[in-house]
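Colleague: Chain by chain, the residues run as shown.
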Amino acid sequence: MIVVLPWISFGIAAAAFAFGAKRFFKKKKPMYFQLLICAAGCFALRELSDVVTELCGGSERSVTVGLLGLFGCLFFLLSANYGQLDGIVDDHAEGSGRARVIAFAAPVLFGACLLALLIKADLGAFSAIVYAIVLAPLIPASYFNLKHLLLPVDPFGFLRATRECNFASLAFCLLCVAQLAANAFLPAWCGAVVTLLSAADLFLLVLASERGIRKWGI
Amino acid sequence: MGNLNLILCISIVTPLAMMLCVYKGRSRTSLLFLLIGVLVCLFCGELNGLLAEHANCTMLWFKCNVTPLTEEFCKAIPILVYAFLFRPKKQVLLESSIAVGVGFAVLENAFILAGSVDMVSIPLALVRGFGAGMMHGVCTLAVGYGMTFIHSKRKLFYTGTTALLAVAAVYHSIYNTLVQSDLQWIGFCLPLATFVPLIVVLKKKQTL
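Chains as they are written, first to last, in this note's numbering: chain A, 1339 to 1556; chain B, 750 to 957.
These are computed hints drawn from the structure, not numbers from a lab.
Glycine included, each C-beta is placed from N, C-alpha and C at the ideal position.
Some clues are possibly wrong.
What the hints assert, rightly or not - Calculated pairs, DSSO-like style, for lysine-lysine (alpha carbon to alpha carbon, straight line, at most 30 Å): (1) Lys954/B <-> Lys1365/A; (2) Lys1366/A <-> Lys839/B; (3) Lys839/B <-> Lys1364/A; (4) Lys952/B <-> Lys1366/A; (5) Lys954/B <-> Lys1366/A; (6) Lys1553/A <-> Lys902/B; (7) Lys1367/A <-> Lys902/B; (8) Lys1364/A <-> Lys952/B; (9) Lys904/B <-> Lys1365/A; (10) Lys1360/A <-> Lys952/B; (11) Lys954/B <-> Lys1360/A; (12) Lys1365/A <-> Lys902/B; (13) Lys773/B <-> Lys1364/A; (14) Lys953/B <-> Lys1553/A; (15) Lys839/B <-> Lys1365/A; (16) Lys812/B <-> Lys1360/A; (17) Lys1364/A <-> Lys904/B; (18) Lys838/B <-> Lys1553/A; (19) Lys904/B <-> Lys1360/A; (20) Lys954/B <-> Lys838/B; (21) Lys953/B <-> Lys1364/A; (22) Lys1366/A <-> Lys904/B.
Claimed, not checked - Partial selection, computed: residues in chain A whose CB lies under 7 Å from chain B: (23) Phe1409; (24) Phe1414; (25) Gly1421; (26) Pro1493; (27) Leu1512; (28) Val1515.
Only chain A is shown next, with the shape it has when bound in the complex (with noise of 0.2 Å):
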C-alpha cells in the first residue's frame, strides 16, 4: 500500500495541473490563478521525484533534490498571494490594519511549530537544515493567505473571489506542517497519508480557481 500512495499523490497533483493548464493557460486569464497551477504543477513535479527515485532503486539519503518541488510549490502560492495580489487589495487604508496585525498570527504559529518539530525530531542536522530551507516560504505564505481572509471585501470582488484559494493554501501550509511531524514521529505509511492529502487539498485548491476565476473582478 505505502509503494501505491506516491502514485496516487503524484496522479491527483498532476491531474491538478493539467486540469488547470488546459482551462487557466490561456490570454487575459489573471496571472495569480495561474501561479496557483504552477504550485499544483511543482508539486506533481516532487511526487514524481520520489516515484522515479523509488523506480530506480531509492535513495541513500531520506532528503533528495525533490523536496525542492514542495520549495518551489510554497513559493508559488506565496508569489500568488504577495508578488500578484496583494499589490492590487492591500492599499494600506486604516480599516485594513487591524487584519495585518491578526494576520501576523499564522506565520508566528507556523514558524513555533516548525521550529519545535525540527529540534525536537531526530532527523539529524543535514536534514533539519534541509527542511528548515524547504518549510521556510510557508511562514510568509500563512501569514499573506490569512490577511487576504480577514481583510475587508473590496470594491471590485477580488478577495471574494480567492476567498477559497485562500482556505485552501493555508489548508496546505498546515499540511506541511503535519508532513515534517508524520516524517519525524509516525509510521512511514503516515507521511504517505498526509502527502495523499496534500495533493487532494492542491486539487481542491484548482477547482476552487475555476469558480473564482468567474468571480474575479465582478
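Using the hints, position chain B against chain A.
Modeller: For chain B alone, coordinates are given in the frame of chain A:
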C-alpha cells in the same frame, strides 16, 4: 584525460568566438550566450569535481541531487546579470536563456561522449544530443521566463524566479536519476515530452 573538458571547451569556444566579430544584433547576443553556456559548463565541471571530493556520499547520489542544484544555479547567473543590467526585451531574454542551456549541453555532451569513446555510437550521440540539449534548454528557459519580470513586477520576480529555479533543479534531478538507471530511455524521452509542448504553448502565446 584530466584536461579533456578544457581542451574540448577551447576547441568549441575559439571558432565560435571569432564569429562574434562578424555577427550583429540579436544573432550576436544569442551566440554570446551560447558561448557563456559552454564556459558555465566548464566552471560547473570544476565546481562539481571539487564538491564531490568533499561530499560524504556516493557519486550516484551526488549526480542526482547536488549537480542539478549547482548547474541550474550557475546557468541562472549570466541571465540574471543580463536581465538586471541591460533590460532586454522579453523575447531576447528568452532566446538568451535557451542559448545558455544549449551551450551548456554542447560541452557536457562533448565531454561525456569523448570520455567514453569505446561505448559511444551514433544512436547514443543522437539521443544525448536531443535529450540533454532539450533538458538544459527547458530548464534555463523556465528560469529566464521568471526573470522577464525583473523590472516590471519586482515582487513577482523574487518569488517566481526562486520557484522556477527550484522547478528546474527538480526536473534536472529527475532526468539525471532516470539517465543513470536502467530506465535511461524514459529519461531521454522526458525532455522531448516537455520541450515540444512548451515551445508550442510559447509560440501560441507569441512569446517566442
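Colleague: All hints are to be evaluated individually against the structure, with a verdict given for each.
Modeller: Right, here's what the structure says about each hint:
At roughly 7 Å between alpha-carbon atoms, Lys954/B and Lys1365/A fall within 30 Å of each other, so this suggested pair holds. For the proposed pair Lys1366/A and Lys839/B, the alpha carbon gap of about 18 Å is at most 30 Å, so the pair holds. Of the supplied pair hints, the one linking Lys839/B and Lys1364/A holds, its CA atoms being roughly 18 Å apart against a limit of 30 Å. Between Lys952/B and Lys1366/A, the direct Cα distance comes to roughly 16 Å. Compliance with the 30 Å bound is thereby established for this hinted pair.
Distance hint between Lys954/B and Lys1366/A is fulfilled; the C-alpha atoms sit about 11 Å from each other, no more than 30 Å. For the given pair, Lys1553/A sits about 24 Å from Lys902/B by alpha-carbon distance, which is consistent with the 30 Å threshold. Simply put, Lys1367/A and Lys902/B have alpha-carbon atoms about 17 Å apart, close enough for the 30 Å limit, and the pair holds. A hinted pair counts as satisfied when its Cα atoms are at most 30 Å apart, and Lys1364/A with Lys952/B qualifies at roughly 13 Å.
Note on Lys904/B and Lys1365/A: the hinted pairing holds, with a Cα-Cα distance of about 22 Å set against a maximum of 30 Å. For the suggested pair Lys1360/A and Lys952/B, the alpha carbons sit about 16 Å apart, so the restraint of at most 30 Å is met. A C-alpha spacing of about 14 Å is found between Lys954/B and Lys1360/A, which places the hinted pair at or below 30 Å, so the restraint holds. With a CA separation close to 18 Å, the supplied pair Lys1365/A and Lys902/B stays within the 30 Å bound.
Using a Cα cut-off of 30 Å, the hinted pair Lys773/B and Lys1364/A is violated, with the two alpha carbons roughly 35 Å apart. The straight-line distance between the Cα atoms of Lys953/B and Lys1553/A is roughly 26 Å, inside the 30 Å bound, and the hint therefore holds. The straight-line distance between the Cα atoms of Lys839/B and Lys1365/A is roughly 17 Å, inside the 30 Å bound, and the hint therefore holds. Taking the CA atoms of Lys812/B and Lys1360/A, the gap is near 34 Å; set against the 30 Å cutoff, the hint is violated.
A distance of roughly 23 Å separates the Cα atoms of Lys1364/A and Lys904/B; the hinted pair therefore holds under the 30 Å criterion. With a CA separation close to 33 Å, the supplied pair Lys838/B and Lys1553/A exceeds the 30 Å bound. This hinted pair checks out: Lys904/B and Lys1360/A have alpha carbons roughly 26 Å apart, not beyond 30 Å. This hinted pair checks out: Lys954/B and Lys838/B have alpha carbons roughly 16 Å apart, not beyond 30 Å.
Between Lys953/B and Lys1364/A the alpha-carbon distance is near 10 Å, which keeps this suggested pair within the 30 Å criterion. Of the supplied pair hints, the one linking Lys1366/A and Lys904/B holds, its CA atoms being roughly 20 Å apart against a limit of 30 Å. At its closest, the beta carbon of Phe1409/A sits 5 Å from a beta carbon of chain B; the interface hint therefore holds under the 7 Å criterion. A cut of 7 Å between beta carbons decides the hint on Phe1414/A: the least distance to chain B is about 5 Å, and the hint holds.
With its C-beta approaching chain B no nearer than about 4 Å, Gly1421/A sits inside the 7 Å limit, and its interface hint holds. A distance limit of 7 Å between C-beta atoms decides the matter here; for Pro1493/A the minimum to chain B is near 23 Å, and the interface restraint is violated. Hint on Leu1512/A is violated. Least Cβ distance to chain B is approximately 20 Å, over the 7 Å limit. For Val1515/A, the interface hint is violated, since its Cβ never comes within 7 Å of a Cβ in chain B; the closest pair sits about 19 Å apart.
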